[in-house]
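Student: Since chain A is already given, all that's left is putting chain B on it; use the hints.
Number of protein chains: 2
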Amino acid sequence: MNKATVDDKSTLDQSSINTLRFLAADAVQKAKSGHPGTPMGAAPLAYTLWDRFLKHNPHNPSWPDRDRFVLSPGHASTLLYGLLHLTGYDLPLEELKNFRQWGSKTPGHPEYGETPGVEVTTGPLGQGFAHAVGMAVAERWLADHYNRPGHEIIDHNTYALVSDGDLQEGVASEAASLAGTLHLGKLIFLYDDNDIQIEGSTDIAFSENVARRFDAYGWQALGPIDGNDLAAVEDAIRQAQAETERPSLIICTTVIGFGSPQQGTAKVHGEPLGEAGLRAAKEGLGLPLQPTFYVPDAVKVHMGQAVVRGQATEADWQERMTAYATAYPTEAAELALQLSGKLPVDWDAGLADLFPAGTPAMASRQSSGEVLNALVQRVHALTGGSADLAPSTKTHLAGYGDFGWDEYRGHNMHFGVREHAMGAIVNGMALHGGLIPYSATFLQFADYMRPPMRLAALMGIRAIYVFTHDSIGLGEDGPTHQPVEHLLSLRAIPNLTVIRPGDARETAEAWRSALLNTGGPTALIFSRQALPLLSSDDGVQARGLHQGAYILWQSSAAQPQVILIGSGSETQFALEAGKALAGAGVGVRVVSMPSWELFDRQPDAYRESVLPSTVRARVAVEAALELGWERYVGLDGAVIGMAGFGASAPASVLYEKFGITTEAVVAAARKLIEQK
Amino acid sequence: MNKATVDDKSTLDQSSINTLRFLAADAVQKAKSGHPGTPMGAAPLAYTLWDRFLKHNPHNPSWPDRDRFVLSPGHASTLLYGLLHLTGYDLPLEELKNFRQWGSKTPGHPEYGETPGVEVTTGPLGQGFAHAVGMAVAERWLADHYNRPGHEIIDHNTYALVSDGDLQEGVASEAASLAGTLHLGKLIFLYDDNDIQIEGSTDIAFSENVARRFDAYGWQALGPIDGNDLAAVEDAIRQAQAETERPSLIICTTVIGFGSPQQGTAKVHGEPLGEAGLRAAKEGLGLPLQPTFYVPDAVKVHMGQAVVRGQATEADWQERMTAYATAYPTEAAELALQLSGKLPVDWDAGLADLFPAGTPAMASRQSSGEVLNALVQRVHALTGGSADLAPSTKTHLAGYGDFGWDEYRGHNMHFGVREHAMGAIVNGMALHGGLIPYSATFLQFADYMRPPMRLAALMGIRAIYVFTHDSIGLGEDGPTHQPVEHLLSLRAIPNLTVIRPGDARETAEAWRSALLNTGGPTALIFSRQALPLLSSDDGVQARGLHQGAYILWQSSAAQPQVILIGSGSETQFALEAGKALAGAGVGVRVVSMPSWELFDRQPDAYRESVLPSTVRARVAVEAALELGWERYVGLDGAVIGMAGFGASAPASVLYEKFGITTEAVVAAARKLIEQK
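Chains as they are written, first to last, in my numbering: chain A, 1 to 676; chain B, 1 to 676.
These are calculated hints, taken from the structure and not from any lab test.
Hints are supplied without guarantee of correctness; some may be wrong.
Copies of the same chain are indistinguishable here, so a pair counts whether it falls within one copy or spans any two.
Using 25 Å as the maximum straight-line C-alpha spacing, the simulated BS3-like pairs for lysine-lysine come out as follows [as the list claims (entries may be wrong)]: (1) LYS657 with LYS579; (2) LYS657 with LYS671; (3) LYS30 with LYS105; (4) LYS55 with LYS579; (5) LYS30 with LYS657; (6) LYS32 with LYS657; (7) LYS32 with LYS105.
Here the structure is a predicted model, which means the values were calculated and not measured.
One chain only, chain A, in its complex shape:
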């Protein structure tokens, strides 16, 4: 390039960056709410990445081999919206003007599924960082399974912009350490190091040496570089790309709210610049004051080139895919199926035969392990692991290898004792596509991973969270490890389907339900202790699980005097109590209720058929907090459950001491009947 060209390019770069800055600042100003600081400070980083490197096709946001870009500080959403708009995604300028308004495609924080090109919902800090690691895991897994010599059909980077706040969150530390262990060399993060957080300078809470910390994790730490020096940013990204065995963190010194009169202070973080501030900023950077949401034609043309590049790049990939499909038709078909998210034909064949009549009592974690190992034979996309509890959660896929640097094709993930990152990484794998990922730990530790579970529910993605050791039934480990409130607090998360099966057959149905649930995450809740089969039929009855609750047994078809409702390991108590009461001449119905969410989604008529509104003598039994069951038993029913924390003793002792027994169910039912 001669000097004039360089200058032109440089002018165009700056003009593009300033356009991004003020699309953000104008949107926040118009919404009277939002975060202008990070978009204005980090615009040069994001622009350089998107202009020089990002492999994507704005006209096909779901092209599988696109680079992934994650905006971890989701409060900088206007920066992402600006990039998406200018590079040709289906996000008209009108949407930016409607920032944060009801029904717009530009919510306060980026939301997956709401806006084309948004790869993951971000906002709660640290999550984007860890979700990106999951995306990079999925990429390596698919690459190792499907690439062939000369056919690098899965080969893309995962980029993220990350902030001080992200790096302070523990979930990012967990994910970073694991990413280093896994040598995820295609992970490239730009750290927007602006020295400011809401309470002031980052020094008050964050004096660590970030480069050294990431080096310790096994990352390549680059910089600090001047984030406003595009050549330096470009050079650093090239270095990051050249390093294939370590993830890279590029430390970029930036100025929050760059160009505004209050740049470099916490004041520009989270509120509009104000008319005067906005005017001063535009004047200072040489932008016209009007119109707002100004996009110079040259910028429009320049950044719009992303569409042309993207279409060409995808077309090239499609050509290579065609060649691959010719050379490796089986693999190509399997890959296409996996990427579609669909299940193979006959995916669940054989499940119904796993637990024939006469199957001995077994823990549902055990039957879950058997189901999982049967499923993976047909559902190749199943991949997951545990936060260092696989021998206890029974989630190991025998013969399917360990996912690691030496074998990215392994199906078994080893997350370490990092539940929070595990949840986020599993989400990231689901978001990437091509995998049906699961996590596993004790139910007690669900508390460590609530933020990513909530995001999965909000995003509506198929992530599966296995939780075992689901009650005081875990026994001697004591109250620190005995979940009490966890079932209710999971049931409280909208769009998370919680299923707590009562025997091996319901466990098989629970896994089927989880795989079929493409509209949201599923939490599968399993026992430590052995559970007998609940019926002696051929297993048909257990399919009632898909309705959430079903009539397991009743003394007669007549309207019952009392309804007993159980879930999981306590369904057997309800059943035993029902038979005892029936023996004494009471008209009784026993309902197995493995999932509140599935039941609540049924038509009124079905729900009424299971729980007739005229029958108010209802007893629910579950070795968990009683609170919440009032939804099904009302003010006139009874709940046999826990009112407080558990204790340390053998499980059988605990059930007796806490009064969660068949006898207690019988007694409660009798009392209700007598009161009538």
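Tutor: Same frame as chain A, now just chain B:
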């Protein structure tokens, strides 16, 4: 010492260590459950610390200036129980023989309050690490406030044993980074680096350079040293003590299950050694096979010296305290009061006058800030801060300084964007004693800090968690930041009192309630948006908050046709709806219900007086998940609330769109009355 003495000492050391190892292994064997690996591997570390360094008085476990010792891998509980027993705490050998049994003082994981000398409940990994940081914070705070030249009356170390699993958990990373920033030089951690976790070698998930990582945080990283080399351990602890400006992590290479045939493998982590394994281990280390729970006399005498040393050390401190009290009587009295946990006389004077009739509508976060700033004038122990949201949570104590390296006397903590560690550190401060600590963040981020909140509830300690921006009322930030399920999931934690006041006066009462609640933690839930005063009285009515729910207003003293129940920002809707219905001739009662837990603790008669069981037409209104309110409205009532996630728009639009309005309450009430 001459050689014979050295040899004797060395023999005694080894004998003591082996006694600890086999008290643990025998207890696990007898209980048929537990974790022998870490106690056997880490016994030399713990022994060296307790024998050579730990400043404590086994006969007075609550001596304020004792060193704190935290066993972060709580599964190694038998190691701690052995130490407590042998050094003379009130923990008879019989209790070790009853390990993990109902009613014993030796639960599966150490529990604060259950066993003398246990400083904190541990088990969920990472928590002990972060709680210990909180203890060290409290120590420095008290030292800076109360020590005077020549009177170092608060001057102790906080030690912890930490494991691979602890270091993998994000909460430990958060706490470590903050501890480094705060230069907590009296924090000394022994890292039991045994290379093994449950799924195998730590290499599969944890290849980071721990020393380098902690160095990056601003810690002194020492080692790796051989954990079986007592002189090396002793020397490292001395180096750690000598470093006063940085926390220290001593990396000790150990062998899990040392002495057992399967030492150095995951197999010895979490199950009994078995008869054969136990025999082989005892033979290998030269212990008699019988009796089990063997304590050689020499070990008993030797380790029992801790009592003598401890009594002398405390006596010396008491003498110094007497001198201090003579020289600084005011300070001594104030310190004694703070350490007692009691509130000063007239501690709540003036609160009632803060919000006189005519007080304009204000957000409860705002009134909370005013209450907090009034309280701290009299309650000197109040200290806390926010996870980088203080300007929004309104929790800054004006004029009370920032807690930091240059001023440990500051009352304002800056936790950084680290909610999880914040919760644990606040707990640690409460456990240390001398402070009434609080945390603050948005309610949405309560999910990040559930594990420590649960531990606080289990321990029954006075920690106060402030959560603001408590509903869709936060508006434009959107569903990633709008809590929906969080109220219910907090209410689900046993012994956590959740209070969501409806106006400024209830806010003052909520803070009073939190400070008076010495038996457990309190979550205070505040609005972003302005709330009008609920009554025009002199504020007396708001004291009904202490009963959890009270009659705010009713159309007459007669039995009402319908009861309207509200909490927090929606109580005003219930009140407006009640007045509208009354205007139309309906007999109506309006109940303000800021706290389910406080209400549930009331006698039946009080609860019946507020919610008569015969009145089944009940409408609850709360801008949160509807689930759970069935506890109070039953199957015949109605709930006006959220069924799913929120959205991004101005708050007033959201309330309309989601149908949470006075009109909706009126309509629901009319429908219920008509159905009757």
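Student: For every hint, state whether the structure bears it out.
Tutor: Against the structure, the hints:
| no. | hint | in the structure |
| --- | --- | --- |
| 1 | LYS657 with LYS579 | within (23 Å within a copy, 49 Å between copies) |
| 2 | LYS657 with LYS671 | within (20 Å within a copy, 44 Å between copies) |
| 3 | LYS30 with LYS105 | within (16 Å within a copy, 62 Å between copies) |
| 4 | LYS55 with LYS579 | neither (64 Å within a copy, 61 Å between copies) |
| 5 | LYS30 with LYS657 | between (61 Å within a copy, 21 Å between copies) |
| 6 | LYS32 with LYS657 | between (58 Å within a copy, 20 Å between copies) |
| 7 | LYS32 with LYS105 | within (17 Å within a copy, 58 Å between copies) |
The structure fails to meet hint 4 from the earlier list, while all remaining hints are met.
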